[in-house]
Amino acid sequence: MSESIDYKLVGTSPVRPDGVDKVTGRAQYGADLNLPNQIHGKVLRSPHAHARIKRIDTSRATAMPGVYAVITGEDFPPPPEHGDVGGEAGGSIGDHARNIMARDKALYHGHAVAAVAARSLRIADEALAAIEVEYEVLEPVLDLDAAMAPGAPLLDENCFTKNLPEKSDKPSNIAEVMLLSRGDVDKGFEEADVIVEGEYRIPMAHQGYIEPHACIANTNEAGQSTVWCCTQAHFDFRAITAKVLNMNVADLKFIASEIGGGFGGKTVVYLEPLAVLLSRKARRPVKMKMTREEVFRATGPTSGTHCKIKVGAKKDGTLTAATAWMAYEAGAYAGAPMGPGALTVFVPYHLENFKVEGYEVLVNKPKVGAYRAPGAPQSMHAMESAIDDLARELNMDPLDLRLKNAAEEGTRASYGPKFPVIGLKECLRAAKAHPNYTRALPEGAGRGVAVGFWFNFGLQSSAEVHVNENGTVTVVEGNPDIGGSRASMCIMAAETLGVPYESVRTLIGDTESTGFSNSTGGSRTTFATGMAVVRACEDIIAQCRARAAVTWGIDEDQVLWVDGQAIPASGVNDELKPLSLADIAENAAKTGGPLLSRASLTAKGAGPSFSVNIADLQVDRDTGKIDVLAFTAIQDAGRAIHKAYVEGQLQGGAAQGLGWALNEEYIYNADGIMENAGFLDYRMPVASDLPMIDTQIVEVPNPRHPYGVRGVGETPIVAPLAAAANAVRDAIGIRIHDLPLSPPRVLAALDAAAD
Amino acid sequence: MNKIQVITSINHEEVEFLCEPQETLLDVLRDTLGRTGTKEGCATGDCGACSVLVDDRLVCSCLVLAAETGGREITTIEGIATEEGLHPIQQKFLDHAALQCGVCTPGLIIATKSLLDRHPDPDETTIRYWLAGNLCRCTGYDKIVRAVQDVARDLAGPA
Amino acid sequence: MAHVVFLSHLLAVTDGEAELDVPARNVRELLAALEQRFPDAGEELRRSAIAIDGLICHDAFLETLGPDSEVYFMPQIAGG
Ligand code: FES
Ligand code: FES
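Protein sequence lines, in the order shown, are assigned to chains W, P and D.
Mapping of the first sequence onto my numbering: residues 418 to 1172, in sequence order.
Mapping of the second sequence onto my numbering: residues 27 to 185, in sequence order.
Mapping of the third sequence onto my numbering: residues 34 to 113, in sequence order.
This is chain W alone, in the form it adopts within the complex (with noise of 0.2 Å):
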């Protein structure tokens, strides 16, 4: 499957640097930091989905002992009205301003309405209930069909739909429109034997991370500040609130913490800014962090959807055409990933005829954020459902019928453009001929499989190598190590120098110590950083031999780096002895001193990364409740630099994906509140839900990056959706068609199906 190179390094799964800090208690996560003379923050949310902001009243608060500042939209300049918030979070600096903390109106329960800082945590709430906001209340509009209906009540009165063919003058609920098209979709369904079609909803889903956002800014006379924070993007973090608050870059220095998880939920700003301004106003450290119940109502879950598809094939399996429509809650602003879920609904098919119509849609609920793969797993979800039902139609496996009709290399994409080398048909074939796929299921139980994909993208990173004067090797980078990525830059260090693995430890360094780079995001960072990493090391390689040349008096180009030393090549001096790094760095102050060596780049051409997953679940009949009792995911990595948290990636995307499938949704009551906001109810995977999850990595290397890397994270979270739907499907002979498969649906289509 994967060209065999000896690598030392590249594909095994040595201790990360970092480990021991991490399960020892001494690693410094988000809220671990604590300043002297800091106080407190919090923030005022507005109890309404929809109101305007006609008062808002501060002068009690701002009088009572020990409160040191108190702010509301006024404090803050008005929204930046050009420039976007990176494609990461989606939507413009205005409305993430906004967003941030609500001027005229509040649009959705939870959104910040003021905030205060104060000597205790329970000053602060004391402070906040005394803040007095007079509301008109508005009725908020809830879901894409109510938003999208003539006559809705509008979020945005200046809100005009982008992307109409003739622009309209009439604002709307409808941020966007997508369209997509190629060939001839009616002659195409003409051409079908066999047609399918299914309608799909999916609520929306929060990312879930463990760790709650949490900041501390210090603010000087100056208006100088530090921030430290948990964030998949101390870079960008540091650019969107220099522009919600219109401040020079230069005045602000963002540190990373360690990140107790993300998953693009931590690539949107939301507390950084207050607690900039607290700060500034209070002359203090402020240290702020969401409650839990926080994080679900006010920061950023994932789009819920409404997919239509309608797919046709010939007999023998041939696709011929196949319709998507789809609309994706983008909350209160706009920036849902719409876009993505259009361009990869029919992905992984050779599809001459096809249309696809997509819509991005206002409703009075919390800004969405980036999570995983965003838009992916909603639209081919509803895209796998709708191909494992043609498999049953046409009787064929459902594997075959996706083998008949997979991309390959020069497949042009549904997306537009030809793929490259992509490892789809790899990952088909390496499911039908592993065991898990036709190990024989217990009596009940339902088997499915599904598709998942990512582009996987490069954007800008930064890297420095210095070789310490012993030869062991420093790597900062700017990347937030959220799973193990310190591990992956040594080992590709290590790898490139010829050096133990043990020699080599990567910092991750804040905005003022090392060079830009993008977000930990979109699989980016082992692809991107991995390659200026690489790119660096080269260079030290490089000056490495000339020290060795001037050491030797020879040539430059009569010297070699071979397995981590310098030696003549062969027939030149033979009796030179090989220096090592070690020996090069000992003497590097006689030949020109320090080693070290940077690389900044914007990585091209990531590689599209495949996965096919296996599902085995259990329906129990007479509740309703689904058990998972095996699942395989297999993925397309290119290469694996660290095999263990490849799989690790593998596998906690699996877990999601199937949170996701079977249980996760935020609950709203007919007044726009979240019904569910904590863990108790928002119900993600423990470790009694879920068997082992089985991997298999194939390798079709990305000719672009120096080791084959196409990126992991992303794609792992997209086919548990639909590989779940169809288990259940061929668990109790119906399809579900909307998630999660929670046991009062589960139930409720069976009763169905009796009647």
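Hints are not guaranteed to be accurate.
What the hints assert, rightly or not - Here are a few chain W residues that sit away from chain D, every Cβ distance over 12 Å (derived from the structure):
#, residue
1, Leu545
2, Pro567
3, Gln641
4, Ile672
5, Asp733
6, Glu774
7, Ala793
8, Glu886
9, Asn1004
10, Gly1089
Claimed, not checked - So the derived list for chain P, only partly shown, Cβ under 10 Å to chain W, looks like this:
#, residue
11, Thr70
12, Val129
13, Thr131
Rather than coming from a laboratory, the hints here were simulated on the basis of the structure.
The C-beta atom is built at its ideal place from N, Cα and C for all residues, glycine as well.
The hints should help you fit chains P and D with the ligands onto chain W, whose structure is shown.
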């Protein structure tokens, strides 16, 4: 507000602190005593990130009032390693890559210790149910369960 | 010469034109030519991701284009 004086033992060291009546053990550990190894994920007893042992009983420290801990023996993540080095549970978590972000790890290590103290040779189901109070969002639990199995195997010694 | 394809998010600024051939040796020249042709499209074009012969690039600018290069302008895609 009147503070309450409490004398207790944390990781076999006598500790004295003042707390307000409504403060939890988690608040005091983290904010008053600076023992931030114990994490807060929910403060409502639903995630296990704040797990500690009180007199060898596994509890969520966010559900225990600090004022009630006088005279107890409290074990936190900071007290698991010894002079000889990491506890075998800590080592196996590292060896098996059982942590990604690591924020659930202190709680899971405490819960595992409590499990193995009572059931030195647990089967997979026992492990999964014992750890069901500790949420991990990153790993899917697979490598955590394997790490625990491996510790248990080592504890059992050569067969 | 590059064959350029716009996905639907750009059609509003390209007067509905979805495909065209543009003489350009690199993305910089291509963007300049397109901006001249579609004066309203500048910002949207520069914001788009660009797939050149199948490889998706954010922030494309200096990439060279071959005589038969296929260039897709796509919405920016990120990730979690
Ligand atoms: S913080 Fe105590 S259980 Fe979550
Ligand atoms: S490792 Fe991140 S929550 Fe468990």
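(request) Report holds if the minimum CB distance from W:Gln641 to chain D is greater than 12 Å, and violated otherwise. (result) holds (30 Å)
(message) Does W:Asn1004 clear chain D by more than 12 Å, comparing its Cβ with all Cβ atoms of that chain?
(response) holds (39 Å)
(request) Classify the label on W:Leu545 as holds or violated, using whether its beta-carbon is more than 12 Å from each beta-carbon of chain D. (result) holds (32 Å)
(request) Return the status of the interface hint for P:Val129: holds when the least beta-carbon distance to chain W is below 10 Å, violated otherwise. (result) holds (3 Å)
(request) Measuring Cβ to Cβ, find out whether W:Asp733 lies farther than 12 Å from everything in chain D. (result) holds (28 Å)
(request) Report holds if the minimum CB distance from W:Pro567 to chain D is greater than 12 Å, and violated otherwise. (result) At roughly 22 Å from the nearest Cβ of chain D, W:Pro567 sits farther out than 12 Å, so the non-interface label holds.
(request) Would you assess whether W:Glu774, listed as outside the interface, keeps its beta-carbon beyond 12 Å of every beta-carbon in chain D? (result) Nearest chain D Cβ is 9 Å from W:Glu774, so the label is violated.
(message) Is the claim that W:Gly1089 lies outside the interface with chain D correct, judged by CB distances over 12 Å?
(response) holds (26 Å)
(message) Over 12 Å from every CB of chain D: does W:Glu886 meet that, or does the non-interface label fail?
(response) holds (38 Å)
(request) Compute the least Cβ-Cβ separation between W:Ala793 and chain D, then decide whether it is above 12 Å. (result) violated (10 Å)
(message) Please check whether the beta-carbon of W:Ile672 is more than 12 Å away from every beta-carbon in chain D.
(response) holds (23 Å)
(request) Using Cβ atoms only, decide whether P:Thr70 comes closer than 10 Å to chain W, and label the hint accordingly. (result) With a closest approach of 6 Å, the P:Thr70 hint holds.
Consistency with the previously given hints fails for numbers 6, 7, ordered from lowest to highest.
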